[in-house]
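Between the sequences and the hints, there should be enough to build the whole structure, so can you do that?
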Amino acid sequence: MAPGQREFVLADATGAGSDVLRALTATGHDSLAWANGGAVRSRRCTWLDTFDWRLYRAGLTLEQVVSGSQAELVLTGRDGAVVATERLPGGRKPSWPSLAAELPAGPVQAALEPVTGLRALIPVARATSKVAELQALNSDAKTIARLAVDRVAVTFPARTSLPARLTLIPVRGYQAQADKVGRAIGDLPGVSADRDSVLEAALAAAGGRPGEVPGKASGIHLTPGMPAARALSQILIALLDAMEANLPGTLRDIDTEFLHDLRVAVRWTRSALKLCGDALPRGLARQYAAEFRWLGDLTTPTRDFDVFLLGYPAMAASLVGAEPDELIPFRDHLTRSRAVAYRRLTAGLRSARFARLRTNWRAALTDTRSVRRPTVAQLADAKIAAAHRKALHGGSRITPASPPESLHDLRKRCKELRYLVEMFGSLHDPAQRWQAVRELKALQDCLGEYQDADVQRAEIRAFAAQMMAERAAPAETLLAMGEIAASLAEAMAAARAQFDSRFADFAGPASRRRMAALARTDPS
Amino acid sequence: MKILATYNIKGGVGKTATAVNIGYLAVRDGYRVLLWDLDPQGAASFLFRIKPRVKGGGKALIRGRRALDDAIKGTDFDGLDLLPADFTYRNLDLVLDAAKQPAKRLASLLAPLRAEYDIVVLDCPPSISLLSESVLHAADLLLVPLIPTTLSVRTLDQLTEFVAGFNGHQPDILAFFSMLDRRKKLHADIVRDLPAQRQDVATAAIPALSVIEQMSVRRAPVTAFAPRTAAARQYRELWREARERARLKAPPGQAGTA
Chain E
1 MAPGQREFVL ADATGAGSDV LRALTATGHD SLAWANGGAV RSRRCTWLDT FDWRLYRAGL
61 TLEQVVSGSQ AELVLTGRDG AVVATERLPG GRKPSWPSLA AELPAGPVQA ALEPVTGLRA
121 LIPVARATSK VAELQALNSD AKTIARLAVD RVAVTFPART SLPARLTLIP VRGYQAQADK
181 VGRAIGDLPG VSADRDSVLE AALAAAGGRP GEVPGKASGI HLTPGMPAAR ALSQILIALL
241 DAMEANLPGT LRDIDTEFLH DLRVAVRWTR SALKLCGDAL PRGLARQYAA EFRWLGDLTT
301 PTRDFDVFLL GYPAMAASLV GAEPDELIPF RDHLTRSRAV AYRRLTAGLR SARFARLRTN
361 WRAALTDTRS VRRPTVAQLA DAKIAAAHRK ALHGGSRITP ASPPESLHDL RKRCKELRYL
421 VEMFGSLHDP AQRWQAVREL KALQDCLGEY QDADVQRAEI RAFAAQMMAE RAAPAETLLA
481 MGEIAASLAE AMAAARAQFD SRFADFAGPA SRRRMAALAR TDPS
Chain A
1 MKILATYNIK GGVGKTATAV NIGYLAVRDG YRVLLWDLDP QGAASFLFRI KPRVKGGGKA
61 LIRGRRALDD AIKGTDFDGL DLLPADFTYR NLDLVLDAAK QPAKRLASLL APLRAEYDIV
121 VLDCPPSISL LSESVLHAAD LLLVPLIPTT LSVRTLDQLT EFVAGFNGHQ PDILAFFSML
181 DRRKKLHADI VRDLPAQRQD VATAAIPALS VIEQMSVRRA PVTAFAPRTA AARQYRELWR
241 EARERARLKA PPGQAGTA
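Top line first, the protein sequences correspond to chains E and A. First residue of the first sequence? That's 1 in the numbering used here, and the numbers climb one at a time after it. First residue of the second sequence? That's 1 in the numbering used here, and the numbers climb one at a time after it.
To be clear, the hints were calculated from the coordinates, so they are not data collected in a lab. Careful, some of the hints might be misleading.
What the hints assert, rightly or not - Label pairs and their calculated CB-CB ranges:
id, chain 1, residue 1, chain 2, residue 2, range
1, A, G11, E, A110, 44 to 54 Å
2, A, R247, E, P189, 52 to 62 Å
3, E, A2, A, G11, 32 to 42 Å
Said to hold, decoys possible - Derived BS3-like pairs: lysine-lysine, alpha-carbon spacing no greater than 27 Å straight-line:
id, chain 1, residue 1, chain 2, residue 2
4, A, K249, A, K185
5, A, K249, A, K104
6, E, K274, E, K441
7, E, K93, A, K51
8, A, K2, A, K104
9, E, K180, A, K100
10, E, K415, E, K441
11, E, K180, A, K249
12, A, K185, A, K2
Just so it is clear, CB atoms sit at the ideal spot from N, CA and C, and this is done for glycine as well.
Written out as structure tokens, the structure is:
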């Protein structure tokens with residue numbers, strides 16, 4: 001935004017606002033005249049963000065602007081100041097969705113990549129804009145300010161014309177004179193100085209606003225006295241919303257996080273059914289547990305390959321004895337296997353079984369009024385206390401001689417405790433909750449590293465056997481894979497060595513006190 | 001940031017017309033340009049309809065009491081800004097004389113503008129003085145308009161010799177013919193022969209045409225209001241040669257180098 005720039009919007013919803021503009025140009029007098037600033041400029045704009053609005057949350061707006069044969073990416077900050085621009089050579093536009101890493105190297109890509117991470121940029125709004133310019137002239141016929149009159153027609157997510165937007169840009173050194181012009185414009189009837197960004201206005205036209213991500217179960221507001229069945233229904237409907245919101249992105253394979261988030265919603269649903277299903281109408285949890293297990297299992301193979309492929313660059317870079325290139329047949333194997341798993345996944349996600357599950361599950365959740373007891377506070381207290389007890393018990397039985405499975409079981413118990421704490425999060429003070437889960441999270445990280453390394457090591461062995469059988473692995477690739485497996489074993493040992501102290505912190509009196517406080521919800 | 005200066009000891013040879021047109025053409029190519037009208041007569045300021053007045057006068061600018069930044073005015077051409085003339089500039093020699101390292105004063109005043117502009121064009125008054133010496137020290141390229149006469153060529157030699165005596169930074173020189181009247185045999189002969197003999201003389205030659213005089217009526221660069229005229233063509237050619245000689249990088253947002 002230029003220094004001293006002022007923005008207005010015409011109240012005229014038809015977008016023409018010609019009466020106001022006539023009134024405006026009639027404001028000319030001896031020391032102010034208006035001149036036409038030349039031909040109307042047309043632009044096509046596409047706004048981009050990740051599905052979870054990472055740019056918006058970071059105070060950034062990314063716009064692709066096409067004007068004639070020129071195209072550029074413009075990244076602006078919260079105050080409208082340009083952070084970076086990138087002219088696209090030959091007007092060649094990226095094909096969206098696109099990861100930041102796939103954009104032309106330059107300042108825009110460099111600014112985007114740390115913010116968007118694994119998430120692809122997708123179009124969130126599109127509009128065409130016709131900008132006419134008027135020049136405010138002083139008594140020397142010198143331009144003291146430019147008034148851009150921008151008529152925007154939104155084409156996506158809904159078709160609508162926005163009221164004309166006026167931007168008064170003072171010419172440098174003429175701020176005081178331009179301010180007078182700005183005041184005169186602001187005083188005209190039908191002109192308002194309050195305006196949303198075009199992006200906000202475009203989304204509002206479709207009934208949305210930036211930053212909205214469907215299906216955040218932890219964001220649901222619960223009151224302690226509400227019936228647990230109703231609270232659970234709300235949580236489970238939000239999780240179903242999250243599954244459905246992430247379904248199109250998963251089916252289009254836009255980025256790996258759609259499947260990841262879909263799986264998280266399934267995992268939370270399964271845990272809620274397992275741990276709190278008794279608070280739902282009789283038989284409901286048992287009836288659906290098997291279906292969600294099927295759904296979870298359906299998504300696992302593709303996600304496993306995603307995890308391997310996402311970690312591949314670091315894996316290849318970590319090789320000491322082997323050369324990174326020697327691992328390429330392994331990457332090719334992962335890519336091929338992922339394609340097979342993904343086909344199975346999409347067939348399952350497009351199946352009548354999954355459609356039926358969604359429809360029936362939503363219908364079942366909308367009628368839970370019959371169950372009045374317990375209250376959600378009573379349920380949360382009891383379930384958090386029980387899950388905490390189980391995690392403490394499981395951890396206290398682990399000795400140096402315990403098999404990996406016992407640590408994996410403990411990880412499940414810890415996950416269940418964490419889900420309960422997050423799910424019923426709105427019953428507790430956020431700071432108190434954060435304190436309580438601090439040691440739990442540290443223990444979970446340790447157990448996660450241990451199990452992930454164990455699982456990946458076993459999978460690498462299985463891949464090696466499969467590649468041998470398919471004659472797809474030269475000896476040097478197998479050796480490189482062996483080196484990866486060895487470093488995973490080291491990672492397991494390192495995580496295992498940390499376990500005792502992490503569990504001691506979790507099981508210590510201070511941590512117990514904090515977690516126990518979460519299991520005593522204030523009934524008011 | 002590159003500093004170009006239009007300079008000649010003589011008046012009325014086309015320095016201001018050149019500064020204004022070069023500034024406009026640079027902006028049209030995507031550069032961010034500041035033109036400093038150092039001539040107290042304020043012709044460049046007049047051409048851009050900007051009052052030739054600076055708060056506190058030249059003394060405040062040279063002594064650093066008023067930042068150059070504050071005095072800058074935008075012209076009607078987006079990206080082309082002007083530091084206006086002021087009648088007190090007639091005393092700049094005295095002010096510079098009282099400053100430390102007067103010859104380098106302009107360069108140090110312009111240094112903070114480096115991030116904001118790609119090119120600064122200095123439009124100098126006709127003189128040989130402490131101010132012109134400071135301009136010569138600050139500039140990367142001197143654009144020297146010459147009327148095609150033997151005496152003018154002699155003046156160019158004197159200037160080249162003077163600059164060669166500088167310790168450290170020495171500006172490059174690009175002379176060009178101005179106010180050319182091809183009906184005059186002497187003009188035609190010099191314009192034909194000299195660019196072939198000397199590397200510091202441009203092939204562009206600005207004709208003496210009334211459309212250039214029209215600039216003061218239209219109050220705009222001829223390259224803007226009459227871009228298809230011979231005068232505008234020659235200014236474009238001069239800009240091309242100056243851009244090459246000054247080894248200007250491509251403007252921001254454009255790939256490659258010029």
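Query raised in the report: Can you name, in rising order, the numbers of the hints this structure does not satisfy?
Result: 4, 7, 9, 11, 12
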